[in-house]
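Peer 1: Residue strings, one per chain:
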Amino acid sequence: MDLRIRVEERTILKRIDWNLVLFIFALNIVGLFNLYSATHGPHSQDIQGLFLNQIIWLGAGWSLFFIFTFVDYSIVSRVAYILYFLNLGAVLFVMFFGAVALGAQRWIDLGFMRYQPSETMKLAMIMVFAKTMAHKRTDQGGMGIRDLLWPVILMGIPFVLIVKQPDLGTALLIAAISGSVILFMKVKRWILAVVVISGLVAAPIAWNYALRDYQKARIQNFISPTNDPRGSGYNSIQSKIAVGSGRFFGKGFRKGTQSQLEFLPERHTDFIYSVLSEEFGLVGSSLVLALFCWLFLIMVRIATTSRDKFGAVLTVGVLSYIFWHMFINVGMVIGLLPIVGVPLPLLSYGGSSMLTTMTGLGLVSSVAYRRYIF
Amino acid sequence: MSEYISNPEEAKELLPRYRLFYVAIAMTFFSFLFRLWYLQIIEGSELREFSDKNRIKQIKNTAPRGLMLDREGKVLVENRPGFEAILTPQFVDEIDDVAEVLAPILGIEKDKLVAKFQRSQRQNGPYAPVHMKDNLSRDEVFRLKRIRLDTPGLEIRETVLRSYPLKGDGAQLFGYVGEISKKQIPLYNQLYKGITFDQGDIIGKSGLEEYLEREIRGEDGMQLVQVDAYGRETATQTPNIYGEQIKDKESVPGYTAVLTIDKTMQEAAYNSFTHDGRIGGVIAMKSNGEVLAWVSTPGYDPNEFAAGITPQTWSTLVNDKFKPLRNKVIQDYFSPGSTFKPYMAVAALSEKVITPTTIINCPGSIHFGKRDFHDSVKGGHGNITVFEAIERSSNIFFYKMGIALGVDKMYAYISQFGIGQKTGIELPRENAGLMPNSAWKKQALGEDWQPGENLTAAIGQGFVVATPIQMAVGYNTIGNGGKVVRPFVIKKIVDNDGKTVRETQPLIVRDLTQVQSTGIHVDPETFKVVKDAMRRVVQGPRGTAKRVNIPGADIAGKTGTTQVMGFAASDIYTLCEKRPLEQRHHGWFVAFAPAENPEIAVAALAEHSCHGASGAGPVVHDIMKAYFEKYHPEMIADYLKKERAIKAAAGPVENIEGE
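Chains as they are written, first to last, in my numbering: chain A, 642 to 1015; chain B, 940 to 1598.
These are calculated hints, taken from the structure and not from any lab test. Among the clues, some could well be false.
Stated by the list, open to error - Using 30 Å as the maximum straight-line C-alpha spacing, the simulated DSSO-like pairs for lysine-lysine come out as follows:
| hint | chain 1 | residue 1 | chain 2 | residue 2 |
| --- | --- | --- | --- | --- |
| 1 | B | Lys1422 | A | Lys896 |
| 2 | A | Lys777 | B | Lys951 |
| 3 | A | Lys896 | B | Lys1084 |
| 4 | B | Lys951 | A | Lys829 |
| 5 | A | Lys896 | B | Lys951 |
| 6 | B | Lys951 | A | Lys655 |
| 7 | B | Lys1380 | A | Lys896 |
| 8 | B | Lys996 | A | Lys896 |
Work out the full structure, taking the sequences as your base and the hints as a guide.
Peer 2: Written out as structure tokens, the structure is:
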């Protein structure tokens, strides 16, 4: 009896993927230091309090992480559709009653936080995708039209709604995450070819009819930011200056002039990576890049050792989720991609992002926890 | 429930797909790493510089302009401290909002502030700081400081304001200052090698302020401060990047200009001129060319320019028909009228047309060519010599001299007095006036000189025009027996250590007792005769300007009246005072004293004052009085005593004023 209990205890601790926990935690710590710097400039009194908020979000995030670690993730497949439709309802609610910011309706004010349904929508998408994809046959050259129909509908509805908000960044992220999962599950080659070709055809049409002026401006500014250095190209230029001026070792903690003197816009959210790059230089920015990539590799390994297909797809979904956020955010900050309002997971300030990310990682942890077969 | 549990075999079929992720992760890592390396290592230094440029702002400390002092060191133009409100456009989010906040504090309407801001952006480009208001009051400064942090782009700067304690007195001489215009910047940078002119710089825009720009300007200082994205000065843990390499540079004040002006006389001239609301110009000059007083009216207050002139004030000044901005002493020319006659007398005597004792018959009018030429006195003056002719200002006498001499002989003499030539005074935009001759008319108008024009020219009408300063120089030449001097107003320039940088030496341009380029020379005796005649104008029993007389000062001079427009024959004798102001004659009075050995020459032109003696005479009288009271009270002691007695008799009130 005594012996059995001890074995149980040991296995609980052993089952947890401590590598995963360690890398997430490392990114959290870097993120907190960096956020402290970003929110404590000489004129930053208005955002100083956000640092403590973030610690609260982190606590909540880790709680969710461990709750999901210990709950069998198979439960997710049962509630996936419920969560998906509830979330869809929230997205619709936001469209009609949500608070307006920057010309877009994005969140619901819950009092203690601003809930952004489009953020959790990404996770709900991943769940329903894992559920529908898990038993698709993927041999015989991959999924055909019939296999794809339902997933595309599942993705298409929130995509269109979020585009209408308008929040092109989030919508594209949903498409990218879903696309990655679909691609992972293998698609027939001719379908891929059709998608690529129709994408090329649709791009100019979308440019002319679907995009709003500010969205066009962002893309134009990405192509030539110096067109309007004080206007819409400002963010991109200032971010590049911040990153580059960090040079090899950086300017030092809380000594980044671009961030401390507020030349960097949105320095505690979308441009948090510029703050880091400026103050810790190539050393710091490449270290964080490496931490992220290592975390991705850990997640891939968890997927490969998953006990079932559902777990694997779920893990791949969360992986895509964090990967694409990191890719778009860092890409934009270092001037490789146009400016889109996408936070950097684990580093940017923000409750919705933090809770969603930690929940997602909790699911991955849950997959890892159950990797052993008894 | 069981379909997902423990089916590792099924999951294994996915294994080959993970390659996709390895590839994506590796590509992302290396491309991002390469980009970071490119930005932070390859472009790092350049981008570091950009980030420093963002936060380090150079602030110019404008050097105080040099002072202008009178000949005794009394202040004519100085500086006083002030504050100005400035907006830096790139930090201003919405000018409408900012203007809304500023309007009640500055007491300027919101729309006007917005307009001012936008005008500056159009004229000076989008990044030039905009001066919203200069010369802020203490209260305004406090209220602006309170909203400073909530208003990005707003700055309160300490400035040095140019101050003109004499206000309108001598405004056109001293000039005014203002912000350099965008067009002027390249011109000035080319004109003044070694000095850099920038947006927002204050420069002299007219008068001595403009002429003395190089000496009076000083060297601007430089201060480096760290600012945040909203333009607020901000201290951080990172020190000034330039560290010890570049220190703040102190500004160096401009050099002091010591003028030849005598403040006492300057004030006397101005008070006298404005007392009756006279329009015109007056200049008083020492016989060696040093200008003692210089007034042009109506004046304007240059202090208003120093504090940033409003468009309304500016347009009032520009549209004023009596042109307050013009320096009438050198820029405007007038027919000399009868003040021309002493020059004619010199020419006629030198050419032996007459001798001092020649008697000429002068009726009320003479017929020449196809028309009658009238005297101003209906019955004429009868038989008179040159003495009476000048004393009573006979036109007929000088018509006859004009006929006898012809224009080219007149030109040979009178041009040598400086009529028709610039005097060489330091100030820019001097007008040369005109002394015609037949060759000039042929060339300029393509017509031959008409004999009748000899008559009009002889009494200083027609083509002949002169500036007040030319008349002062010309009369000074008669007074001192033939020496044409170059007038000057800048005595010396003194640097900040008190060392004299340059000093103006008096210069005799010509001596008319020697043979001149036009082949003439004047006998010293001739000047004595004309001087005696001019004495009688002021001191003689029938002189036209007896009211100017100051017993003991021995003033010699000549009145002049010039028609502003032609009148019909029936209208000639209409009383001048009954005409509308703008049709009234101009009055001249030009004089020197003491006649025997002149020390001072004064030329006054009073526009639309009808008569020389009553219009311009009193100004000359007051200047002369101020001069002798100050420099030779012994000469006019009796006169002063008598004047005091009169005032004392008039009652206690005047008595107090007199003291």
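Peer 1: For which of the previously enumerated hints does the structure constitute a violation, in increasing order of number?
Peer 2: 1, 5, 7
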